[in-house]
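S.K.: Single-letter residue listing:
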Amino acid sequence: MNFATIKYLVFILVIFSIYWRLGRKKQNLFLLLSSYFFYANWDWRFLSLIIISTVTDYVSGWLIYNSNSPQRRKLTLILSLIINLGILGYFKYFNFFAGSLVALADTIGWDISWTAAKIILPVGISFYTFQSISYTVDIYRGQLKPTRSFIDFAAFVSFFPQLVAGPIVRAKEFVFQLKEKRHFSAENFQTGLTRFMLGFFKKAFVADTLAVYLVDPAFADPTAYSSGTLWFSLVGWTVQIYADFSGYSSMAIGSAKMLGFDIPENFRFPYLSWNISQYWRRWHMTMSRFFRDYVYIGLGGNRRGMARSLLNICITTFVSGLWHGAGWTFVMWGWLHGIYIAVFQIWRMWRKKLGKWNKSPSFPGIIPGWIITQLAICVSRILFRSPDFSTAWDYTKGLLGSDGSAGIDVPFLVWICFASIIFDHIAGWLKEYRPEFKTRVPVYAAAAFYAVMFVFLYYAYPHDIHPYIYFQF
Amino acid sequence: MKDNETTEEKKPGRLRRLINNLRKAPVVAGAVMIIIAAELIMIFVAPMVIPDEVYMRLYLTDFAEENTIEYLHDTDKYNIRDTLVGWQNRPGCVYDKWHTDRNGARATHEYTMTPEKANRVMFLGSSIINGGPFVYIDETISAIVEDSMTESINFGVMRYSMDQVYLRYTNDLHEYNPDIIIVEINAAPCAGLRNQYIPFRDRFAADMPYLKPRYMLNGGELEFVALPPRGLLDSIFCNSGLVNWLEERDCFYSEFESFKRFGLMPISSTAWKVFNRAGNLRRILAGDPEGERILELLMHRLVEEASRHGASVIFLSLPDLTLTAPERWRKMLPDRYLIRLDQLRSNGFDIIDAREIFRKSGHHPRRLFVHDNRHLTPLGNRLVAEELKSHLDKLLREDIIYTGSGADSSLTRKIPR
Numbered sequence: 003m004n005f006a007t008i009k010y011l012v013f014i015l016v017i018f019s020i021y022w023r024l025g026r027k028k029q030n031l032f033l034l035l036s037s038y039f040f041y042a043n044w045d046w047r048f049l050s051l052i053i054i055s056t057v058t059d060y061v062s063g064w065l066i067y068n069s070n071s072p073q074r075r076k077l078t079l080i081l082s083l084i085i086n087l088g089i090l091g092y093f094k095y096f097n098f099f100a101g102s103l104v105a106l107a108d109t110i111g112w113d114i115s116w117t118a119a120k121i122i123l124p125v126g127i128s129f130y131t132f133q134s135i136s137y138t139v140d141i142y143r144g145q146l147k148p149t150r151s152f153i154d155f156a157a158f159v160s161f162f163p164q165l166v167a168g169p170i171v172r173a174k175e176f177v178f179q180l181k182e183k184r185h186f187s188a189e190n191f192q193t194g195l196t197r198f199m200l201g202f203f204k205k206a207f208v209a210d211t212l213a214v215y216l217v218d219p220a221f222a223d224p225t226a227y228s229s230g231t232l233w234f235s236l237v238g239w240t241v242q243i244y245a246d247f248s249g250y251s252s253m254a255i256g257s258a259k260m261l262g263f264d265i266p267e268n269f270r271f272p273y274l275s276w277n278i279s280q281y282w283r284r285w286h287m288t289m290s291r292f293f294r295d296y297v298y299i300g301l302g303g304n305r306r307g308m309a310r311s312l313l314n315i316c317i318t319t320f321v322s323g324l325w326h327g328a329g330w331t332f333v334m335w336g337w338l339h340g341i342y343i344a345v346f347q348i349w350r351m352w353r354k355k356l357g358k359w360n361k362s363p364s365f366p367g368i369i370p371g372w373i374i375t376q377l378a379i380c381v382s383r384i385l386f387r388s389p390d391f392s393t394a395w396d397y398t399k400g401l402l403g404s405d406g407s408a409g410i411d412v413p414f415l416v417w418i419c420f421a422s423i424i425f426d427h428i429a430g431w432l433k434e435y436r437p438e439f440k441t442r443v444p445v446y447a448a449a450a451f452y453a454v455m456f457v458f459l460y461y462a463y464p465h466d467i468h469p470y471i472y473f474q475f
Numbered sequence: 006m007k008d009n010e011t012t013e014e015k016k017p018g019r020l021r022r023l024i025n026n027l028r029k030a031p032v033v034a035g036a037v038m039i040i041i042a043a044e045l046i047m048i049f050v051a052p053m054v055i056p057d058e059v060y061m062r063l064y065l066t067d068f069a070e071e072n073t074i075e076y077l078h079d080t081d082k083y084n085i086r087d088t089l090v091g092w093q094n095r096p097g098c099v100y101d102k103w104h105t106d107r108n109g110a111r112a113t114h115e116y117t118m119t120p121e122k123a124n125r126v127m128f129l130g131s132s133i134i135n136g137g138p139f140v141y142i143d144e145t146i147s148a149i150v151e152d153s154m155t156e157s158i159n160f161g162v163m164r165y166s167m168d169q170v171y172l173r174y175t176n177d178l179h180e181y182n183p184d185i186i187i188v189e190i191n192a193a194p195c196a197g198l199r200n201q202y203i204p205f206r207d208r209f210a211a212d213m214p215y216l217k218p219r220y221m222l223n224g225g226e227l228e229f230v231a232l233p234p235r236g237l238l239d240s241i242f243c244n245s246g247l248v249n250w251l252e253e254r255d256c257f258y259s260e261f262e263s264f265k266r267f268g269l270m271p272i273s274s275t276a277w278k279v280f281n282r283a284g285n286l287r288r289i290l291a292g293d294p295e296g297e298r299i300l301e302l303l304m305h306r307l308v309e310e311a312s313r314h315g316a317s318v319i320f321l322s323l324p325d326l327t328l329t330a331p332e333r334w335r336k337m338l339p340d341r342y343l344i345r346l347d348q349l350r351s352n353g354f355d356i357i358d359a360r361e362i363f364r365k366s367g368h369h370p371r372r373l374f375v376h377d378n379r380h381l382t383p384l385g386n387r388l389v390a391e392e393l394k395s396h397l398d399k400l401l402r403e404d405i406i407y408t409g410s411g412a413d414s415s416l417t418r419k420i421p422r
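Chains as they are written, first to last, in the working numbering: chain G, 3 to 475; chain W, 6 to 422.
So here's chain G without its partners, still in its complex pose:
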């Protein structure tokens, strides 16, 4: 069930009308059943995978917590990871790794006949698997007590607003909220609904309009277009993916808020970043946090010297790339970001040694860093969007000088898309760096803004909603 559809609106209306009439325990059970219904709407067969993950981690959590033997605790954790990552690995990576091995064997002259298994990728498997894993690991690390109620835990793993594309919520941020009864609050409802509307606008209008008019045509045949057009389209793709994913996250956060839950932010104006490290603290924040806490720190972080720290970064970004998609283009994308981060860390270290590192530079001072960072991000996105290396190569070559001469005649709506994301980031910049500009928007102006947005969306809503880009992960 896509958030930007009438079906979801009807679904959430029904949920509201029942949910707010129930007591705490019934609220949680109802949430669980609704979430399962929500997921089954895609494919009911894969519900079993969520249930296996849930039972595994619920039991593992208790076994780890109740055990005094470090070996037994470790063994239980490893078993839980094997089950969770085994399911993820089979459904998401089996064909990829098997195919890659066959290709490798072929290169060295071994003839292995193999046909790809027909495996359907369950929607959101990477997201809920991570949530589930974080619970067991946190208990193992002694940062969390296991939850007593299975229903509460199952409701946490399958909470429908963020089930299929995040934000990746950790148990310690969420489970305690399930233990309290939620009361309807008009303030929360307003915050949630307005947040949902803004997300809807970003996804259904900005992302889908850019995809249809600007991005899809250029990536379908990069050799046909002129360099200028390819650059323009690349910027369009950068804006599209932000609008798509941050729009989805906003809708998830808004839906959760309307149900009385707070889930963490996933984006904080990423295109304001003037270095790559900052970018990863602003882009898909819950995933970055997960990789930092469970992979990078797990590998030793920066405690074992510069060289080891750089290696850890490369491993983490490799895993991150692989998490995004079972394809070498994603792996390369991850590594490219690993290189960016490593280069930045070395540069920062060098500047620190020279005593020239300024943590908060002035506005003109950040411009070169901003340009380089955004350019690097844009270029890496070619790998993220291209179905294969050959398309990515054609596109990159085209950026430097293309044989094609075609342009894309974009409608006025495309400019509105760009303008709205620029406005979004300017507002973010003022909020962060110029708090003195903080003014209270009059209620009538805010009401008129949302009313106009509602009517505008009715007209601009595309007939064919694209699936969320991050659903495939």
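Take the hints with a grain of salt, since some may be wrong.
What the hints assert, rightly or not - Restricting the straight-line Cα-Cα distance to at most 25 Å, the calculated cross-link-like pairs of lysine to aspartate or glutamate (DMTMM-like) are:
#, chain 1, residue 1, chain 2, residue 2
1, W, Lys336, W, Asp358
2, G, Lys181, G, Asp140
3, G, Lys9, W, Glu44
4, G, Lys9, W, Glu332
5, G, Lys181, G, Glu267
6, W, Lys102, W, Asp143
7, G, Lys28, G, Glu175
8, W, Lys102, W, Asp81
9, W, Lys29, G, Glu182
10, W, Lys278, W, Glu44
11, W, Lys399, W, Asp152
12, W, Lys336, W, Glu309
13, G, Lys120, G, Asp108
14, W, Lys394, W, Asp355
15, G, Lys433, G, Glu182
16, G, Lys9, W, Asp377
17, G, Lys120, G, Glu175
18, W, Lys82, G, Glu175
19, G, Lys76, G, Asp140
20, W, Lys29, G, Asp218
21, W, Lys29, G, Glu189
Stated by the list, open to error - Ranges of calculated distance between the beta carbons of each label pair, as one might list FRET restraints:
#, chain 1, residue 1, chain 2, residue 2, range
22, W, Thr275, G, Arg436, 34 to 44 Å
23, G, Gly101, W, Ala276, 43 to 53 Å
24, W, Arg28, G, Lys174, 31 to 41 Å
Simulated from the structure, these hints should not be mistaken for laboratory data.
Even for Gly, the Cβ is constructed at its ideal location relative to N, Cα and C.
Dock chain W against the given chain G, drawing on the hints supplied.
M.R.: Below, chain W without anything else, positioned relative to chain G:
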């Protein structure tokens, strides 16, 4: 008593709670009020102030203006304007899979008025029987039916309804001297009969914003309504002349009238769509008595006219995917398609039902229809054509005396011309 009063004070009523909540969520409350006010203005005030031509511009979707101009200036790539029937196939047209001969028939070569083979079959109807741009000529029903004895001419024209078929046959197509005419009855054969301006019936038919003649029922008899003067369509975006003309003559005019009030704002528009769906359901349940009566009378006239020219008529009922493989909820409703066919058969019409052929074939329905769920795939066409061929064999072979071998001239006809 005092205690009771205190308890009542503590529990505010529903209205009070609603007001309190609205006060706590002023942005949502304000936005809802603004939207409702705008909806009411658009329903009650705007139609009195805004001229029809402005609404017409909004009603007609993208490219409709461009296509109207193409239609008026005869520059459309598939069709040309026709003063009697509205439009017909552009003769001598070649686009990808689409070919027409010099007379506008779907063919790569030209048919003369005199048949060159023993029998001549003529196909009339819409783009479904024509094949449209979805199939090659040799994959159309007409081409598959053609053999050494039978010549087959395809005069299917995009969006034609029975009234236009009748007018075309009476006016000029009878001159081709067919022995048998195969006439398509499509999934919604009555809708087009009560319509003059195509976008009123189908707002999203921006590719064909054309006008057509129609027949109205007057005291149980058919009364011809000719095309409106060309000038009315020419000035469609400048004045409301065409809208005024259609108000009296097009049963779908109410669609446009409803659009003016309910089509422009989100809430009323959604309500309107729900209402329309309910209307469709009502039509499935109750049928369309006026349209069905017109259809029947036109079919009678066509049979009479054909027999006057020495031809017989076979009607070919071509359902869409929805009718061929209805969803579960539709199966619970009366089968209006079959009821209509039974009724027409009981009036003596020779009708071949393609749905029956499709169901008997055992093929998955999706394989029989192209992506629009209406036009047939080459497989769908082949199934229909094979059945049609055996039906034609029975009809034609009995009527022809074979007097020699080789040349077509040695075949003599029994059916008097």
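S.K.: Hint by hint, say whether it matches the structure.
M.R.: Now for the hints, and whether the structure bears them out:
no.	hint	in the structure
1	Lys336(W) / Asp358(W)	holds, 18 Å
2	Lys181(G) / Asp140(G)	holds, 19 Å
3	Lys9(G) / Glu44(W)	holds, 23 Å
4	Lys9(G) / Glu332(W)	holds, 19 Å
5	Lys181(G) / Glu267(G)	holds, 22 Å
6	Lys102(W) / Asp143(W)	holds, 10 Å
7	Lys28(G) / Glu175(G)	holds, 21 Å
8	Lys102(W) / Asp81(W)	holds, 17 Å
9	Lys29(W) / Glu182(G)	holds, 22 Å
10	Lys278(W) / Glu44(W)	holds, 15 Å
11	Lys399(W) / Asp152(W)	holds, 15 Å
12	Lys336(W) / Glu309(W)	violated, 36 Å
13	Lys120(G) / Asp108(G)	holds, 22 Å
14	Lys394(W) / Asp355(W)	holds, 15 Å
15	Lys433(G) / Glu182(G)	violated, 32 Å
16	Lys9(G) / Asp377(W)	holds, 23 Å
17	Lys120(G) / Glu175(G)	violated, 37 Å
18	Lys82(W) / Glu175(G)	violated, 63 Å
19	Lys76(G) / Asp140(G)	holds, 13 Å
20	Lys29(W) / Asp218(G)	violated, 44 Å
21	Lys29(W) / Glu189(G)	holds, 6 Å
22	Thr275(W) / Arg436(G): 34 to 44 Å	holds, 41 Å
23	Gly101(G) / Ala276(W): 43 to 53 Å	holds, 52 Å
24	Arg28(W) / Lys174(G): 31 to 41 Å	holds, 35 Å
When each numbered hint is compared with the structure, violations occur for hints 12, 15, 17, 18 and 20.
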